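Using our numbering, read the sequence shown as starting at 28 and increasing by one per residue.
Warning: the hint list may mix true and false statements.
[As the list claims (entries may be wrong)] Straight line, CA to CA, 30 Å or less: simulated DSSO-like cross-link-like pairs of lysine-lysine:
1. Lys83 - Lys116
2. Lys43 - Lys116
3. Lys43 - Lys67
4. Lys51 - Lys83
5. Lys117 - Lys83
6. Lys51 - Lys67
7. Lys67 - Lys117
8. Lys67 - Lys83
9. Lys43 - Lys83
10. Lys60 - Lys43
11. Lys117 - Lys43
12. Lys116 - Lys60
13. Lys83 - Lys113
14. Lys113 - Lys60
15. Lys60 - Lys83
16. Lys116 - Lys67
17. Lys51 - Lys117
18. Lys67 - Lys113
19. Lys43 - Lys113
[Unchecked claim] Across the chosen pairs, the derived CB separations fall in these ranges:
20. Lys43 - Val139: 23 to 31 Å
21. Val50 - Glu112: 30 to 38 Å
22. Gln137 - Gly42: 34 to 42 Å
23. Ala145 - Lys60: 27 to 35 Å
24. Asn135 - Asn41: 17 to 25 Å
Note that these hints are calculated values from the structure, not bench results.
No experiment lies behind these values; they were computed from the predicted model shown.
We put the CB at the ideal spot given by N, CA and C, even for glycine.
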Amino acid sequence: MEYWKLIKDIGSTNGKWDDSVQVKAEIIDRLIKSLEPNTKTILFAQFNTIALHLAKSYSVTIVCDFLNLLDSFDFSQVTVAFDIEKIDKKFDIVVALDEYLTYANSENSQRVLVEQLANICNGWLITTLQD
Numbered sequence: 028m029e030y031w032k033l034i035k036d037i038g039s040t041n042g043k044w045d046d047s048v049q050v051k052a053e054i055i056d057r058l059i060k061s062l063e064p065n066t067k068t069i070l071f072a073q074f075n076t077i078a079l080h081l082a083k084s085y086s087v088t089i090v091c092d093f094l095n096l097l098d099s100f101d102f103s104q105v106t107v108a109f110d111i112e113k114i115d116k117k118f119d120i121v122v123a124l125d126e127y128l129t130y131a132n133s134e135n136s137q138r139v140l141v142e143q144l145a146n147i148c149n150g151w152l153i154t155t156l157q158d
């Protein structure tokens, strides 16, 4: 979580932080609207500032330990879940960005993560992967 504080501080030095996050959120928003225009609920499998922007238009839940981020980010428009395994509802869209699946320590662990996400996804799973 220190990463997000640091990256925000660095990005804010030139005044481009908010613009950068907004552009990324708009890209995800356009993707969501093209996949399922009636989307209402979105789960982010881990913290990403894009979720905070999307919460202006959707009901967004973020899985993270947000307490150490409260001094840097506004969580007032999102719901926070601390453990993905304890989520007992389904979401229209599940988003797993930032190598959420890439850093699994084995192919089997990666399958378990995908299965967890699939179990709480009622529509589309959006992810980015990095080799």
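Hint by hint, here is what the structure shows:
no.: 1; hint: Lys83 - Lys116; in the structure: 21 Å, holds
no.: 2; hint: Lys43 - Lys116; in the structure: 36 Å, violated
no.: 3; hint: Lys43 - Lys67; in the structure: 29 Å, holds
no.: 4; hint: Lys51 - Lys83; in the structure: 14 Å, holds
no.: 5; hint: Lys117 - Lys83; in the structure: 20 Å, holds
no.: 6; hint: Lys51 - Lys67; in the structure: 19 Å, holds
no.: 7; hint: Lys67 - Lys117; in the structure: 11 Å, holds
no.: 8; hint: Lys67 - Lys83; in the structure: 11 Å, holds
no.: 9; hint: Lys43 - Lys83; in the structure: 20 Å, holds
no.: 10; hint: Lys60 - Lys43; in the structure: 26 Å, holds
no.: 11; hint: Lys117 - Lys43; in the structure: 35 Å, violated
no.: 12; hint: Lys116 - Lys60; in the structure: 22 Å, holds
no.: 13; hint: Lys83 - Lys113; in the structure: 25 Å, holds
no.: 14; hint: Lys113 - Lys60; in the structure: 28 Å, holds
no.: 15; hint: Lys60 - Lys83; in the structure: 15 Å, holds
no.: 16; hint: Lys116 - Lys67; in the structure: 13 Å, holds
no.: 17; hint: Lys51 - Lys117; in the structure: 24 Å, holds
no.: 18; hint: Lys67 - Lys113; in the structure: 21 Å, holds
no.: 19; hint: Lys43 - Lys113; in the structure: 36 Å, violated
no.: 20; hint: Lys43 - Val139: 23 to 31 Å; in the structure: 38 Å, violated
no.: 21; hint: Val50 - Glu112: 30 to 38 Å; in the structure: 33 Å, holds
no.: 22; hint: Gln137 - Gly42: 34 to 42 Å; in the structure: 38 Å, holds
no.: 23; hint: Ala145 - Lys60: 27 to 35 Å; in the structure: 22 Å, violated
no.: 24; hint: Asn135 - Asn41: 17 to 25 Å; in the structure: 43 Å, violated
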